[in-house]
Amino acid sequence: MLEWIGLLPAFPLAGFLALVLTRGKLPRRIAGVIGVGSVGLSFALAAAITVEFLGSDALSHTQVLWTWMSVGNFTPGFSFYLDGLTVVMLLIISGVGFLIHLYSTGFMADDPGFARFFSYMNLFVASMLVLVLADNLVLLYLGWEGVGLCSYLLIGFWYDNPANGYAARKAFVVTRVGDTSMAIGLFLLFQQLGTLNIQEILTLAPQQWSEGSGMVVAASALLLGGAVGKSAQLPLQTWLPDAMAGPTPISALIHAATMVTAGVYLIARTHVLFELAPSVQILVAFVGLATLLMAGFTALTQRDIKRILAYSTVSQIGYMFLALGVGAWSAAIFHLMTHAFFKALLFLAAGTVILSLHHEHDIFRMGGMRKKLPVAFWSFVIGSAALTALPFTSGFYSKDAILLAALEQPQYGTLLWLGGVLGAFLTAIYSFRLVFVAFFGDDHTQDAHAHHSDDHGHDDHHHGPVKEITGFVMAAPLVILGILSLVGGFITVPVDSVFGVHEEHHASTLVHGFMIAVPIFGVLISYLLYSGAPQGRVLQQWLKSMRESAFGGGLTRFWFSGWGMDALYNLLFVKPFVALAQLNRKDLIDQFYGLLVELARISNRAIVLTQTGYLRWYAISLIGGLVLVIGIGVWA
Amino acid sequence: MPSIPYEHGLILAAILFVCGLIGVLTRRNIVFILMSLEIMLNACGLAFVVGSARWGHADGQIMFLMILTLAAAEVAVGLGLIIQMYRRFHTVDISVLSEMKG
Numbered sequence: 005m006l007e008w009i010g011l012l013p014a015f016p017l018a019g020f021l022a023l024v025l026t027r028g029k030l031p032r033r034i035a036g037v038i039g040v041g042s043v044g045l046s047f048a049l050a051a052a053i054t055v056e057f058l059g060s061d062a063l064s065h066t067q068v069l070w071t072w073m074s075v076g077n078f079t080p081g082f083s084f085y086l087d088g089l090t091v092v093m094l095l096i097i098s099g100v101g102f103l104i105h106l107y108s109t110g111f112m113a114d115d116p117g118f119a120r121f122f123s124y125m126n127l128f129v130a131s132m133l134v135l136v137l138a139d140n141l142v143l144l145y146l147g148w149e150g151v152g153l154c155s156y157l158l159i160g161f162w163y164d165n166p167a168n169g170y171a172a173r174k175a176f177v178v179t180r181v182g183d184t185s186m187a188i189g190l191f192l193l194f195q196q197l198g199t200l201n202i203q204e205i206l207t208l209a210p211q212q213w214s215e216g217s218g219m220v221v222a223a224s225a226l227l228l229g230g231a232v233g234k235s236a237q238l239p240l241q242t243w244l245p246d247a248m249a250g251p252t253p254i255s256a257l258i259h260a261a262t263m264v265t266a267g268v269y270l271i272a273r274t275h276v277l278f279e280l281a282p283s284v285q286i287l288v289a290f291v292g293l294a295t296l297l298m299a300g301f302t303a304l305t306q307r308d309i310k311r312i313l314a315y316s317t318v319s320q321i322g323y324m325f326l327a328l329g330v331g332a333w334s335a336a337i338f339h340l341m342t343h344a345f346f347k348a349l350l351f352l353a354a355g356t357v358i359l360s361l362h363h364e365h366d367i368f369r370m371g372g373m374r375k376k377l378p379v380a381f382w383s384f385v386i387g388s389a390a391l392t393a394l395p396f397t398s399g400f401y402s403k404d405a406i407l408l409a410a411l412e413q414p415q416y417g418t419l420l421w422l423g424g425v426l427g428a429f430l431t432a433i434y435s436f437r438l439v440f441v442a443f444f445g446d447d448h449t450q451d452a453h454a455h456h457s458d459d460h461g462h463d464d465h466h467h468g469p470v471k472e473i474t475g476f477v478m479a480a481p482l483v484i485l486g487i488l489s490l491v492g493g494f495i496t497v498p499v500d501s502v503f504g505v506h507e508e509h510h511a512s513t514l515v516h517g518f519m520i521a522v523p524i525f526g527v528l529i530s531y532l533l534y535s536g537a538p539q540g541r542v543l544q545q546w547l548k549s550m551r552e553s554a555f556g557g558g559l560t561r562f563w564f565s566g567w568g569m570d571a572l573y574n575l576l577f578v579k580p581f582v583a584l585a586q587l588n589r590k591d592l593i594d595q596f597y598g599l600l601v602e603l604a605r606i607s608n609r610a611i612v613l614t615q616t617g618y619l620r621w622y623a624i625s626l627i628g629g630l631v632l633v634i635g636i637g638v639w640a
Numbered sequence: 019m020p021s022i023p024y025e026h027g028l029i030l031a032a033i034l035f036v037c038g039l040i041g042v043l044t045r046r047n048i049v050f051i052l053m054s055l056e057i058m059l060n061a062c063g064l065a066f067v068v069g070s071a072r073w074g075h076a077d078g079q080i081m082f083l084m085i086l087t088l089a090a091a092e093v094a095v096g097l098g099l100i101i102q103m104y105r106r107f108h109t110v111d112i113s114v115l116s117e118m119k120g
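Protein chains in written order, with the working numbering: chain A, 5 to 640; chain B, 19 to 120.
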């Protein structure tokens, strides 16, 4: 089985080619079968490979398919590397990806771009599989860029709305900043170590560099730049909330199974470099902490169901970065996996809500949907419970591991831990705010469009009656993901051999109790604030008066805008660039060449005058020339 | 037999050449232009013959025979072109045919 590893990305790639080459002429049924089936085959193969790999004693398996290119001693191969970490990623990508594909056949059933949608999705999964299977950083970069391209295509899927195209470009450009940093990192690694094979780098780096030496700090910082861009961490997180412009299953795919986990994977994959550069590693932790808090506060104020989930993703990836930063590699991968389950569940459930409510995104225009949308409601309850890390859900175990590992960090342990716990508290409030506002209380779906800013494209608001849209293909993934979100915490990720350590974290009962109590307390507060419960009237009044006060209102707007990061970047980068572009509108360099063109045109006009069309003029010029030449010959 | 000084011959050739040239440059009727060209060719021929007499070589005379042949061929082609031109444009005025004006 192991030698068939190359087929893993080949299936979705073939699906992509089949769908692209037929250019949407296939009947929907067949296009759907190709789109879903190719990823399903990948998942089946991944499962078989996993069983065989874990059954054998081998710690890793390398499969060289062919040499990609050969320039001097630079010979990156199309070769795949399999170990415990890869296996986990493979199962998440193909498994969760398959469920999302299956769901999409229901969600996109009436969309004119059905086949196009599945072709992009397949390419997305194929790129991501290449990314995690690559045994060298060049091949990884191929998958990395492929993922970026597909995210662009899919975010701008409904391209007839310019706002969606703008969001797609934003995602592409912002992640490109990180990609550039990563590419420079690769150049540096190759220049210093003479290889880009990941395993060779991991062995060579400790021999060549001492801990904290300049080169390893630079290399790992540059790689961190790439990871930050792809995983939407500070300061490059601004693209992810706008990425909500795509169809909802895309958000699920980007947020759960692919794309944003790539950065986490990259850091985990090159963990040796980060261990050699402790300053960068602690930077990773603080980037994660800052991001998770910032996104948590932002999520508190959002009204759009998908934006709340988007900021929660940013925040949860922040937890993974926090784990990576304190060296809890397997905790990060564990959280990556559980997050994939519950975030896919939440997004797919959100898709059901949006579709059932005729493309309504605003949670304050939902309300009371508990009875009308039971499947979505229970999915949201389970997903939010896991997201909040309520005891015995999957998120509880992974977040617990991360926070305990943070506490053990020698220098900043307490600070990181407290920040993480505060983040968990915020998570509880905003995720259950969504549940209480959208599913409890009164029905607001028929309210007038008073304060409804509609910038999400493809919204055809014909307000029909609310009816839950769930066929088998849409309900089944929700059920499976719901079960996984609940019991996923009992899965052990087989990554100890990859990171060379077995992580076990112990803490006093007090700490444990505190970490269990905080999310429950958050849920309670959320209940009092947002469910309209009479017991919480005091708190609700307080929130209302806060929101109406100048400070509270300003803070709300500040958080709502994502801490003004978009405005800041607009001021710092976009405006100066546009100004420069306007300054150079006439293009100074081009003007020089324009001058040459003008010169040639003038001389052309002058010479054209001599072309009279009269024979005698030509004869005279001939004779004149002859006389001139002879004259020069005789007298000169 | 007193020989004619070769300068006289050359001057005559030059005068004939310039006459022909002026004809080519000033005439509008293409038939006359062709005739003026013939005069120029013959002026050249005369210069060759004078040169040949001056240096006592046969080369110049042979060259003149060649020019004659050439001129005959040229006239044949030229007249053919003139007939074509007349058929197509119904004129022999060369100034009318200034389509190549830049």
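Quick caveat, the hints were computed from the structure, so don't treat them as lab data.
Take the hints with a grain of salt, since some may be wrong.
[Unchecked claim] Per label pair, the in silico range of CB-to-CB distance:
#, chain 1, residue 1, chain 2, residue 2, range
1, B, W73, A, S607, 46 to 54 Å
2, A, Q615, B, E92, 53 to 61 Å
3, B, A94, A, I624, 21 to 29 Å
4, A, G637, B, G98, 34 to 42 Å
5, B, E92, A, F596, 45 to 53 Å
All residues carry an ideal CB built from backbone N, CA and C; glycine is no exception.
Hint by hint, here is what the structure shows:
1. B/W73 to A/S607: 46 to 54 Å: Holds - the Cβ-Cβ distance for B/W73 and A/S607, about 48 Å, lies within 46 to 54 Å.
2. A/Q615 to B/E92: 53 to 61 Å: At roughly 25 Å between Cβ atoms, B/E92 and A/Q615 fall outside 53 to 61 Å, so the hint is violated.
3. B/A94 to A/I624: 21 to 29 Å: holds (27 Å)
4. A/G637 to B/G98: 34 to 42 Å: Holds, at about 37 Å.
5. B/E92 to A/F596: 45 to 53 Å: holds (52 Å)
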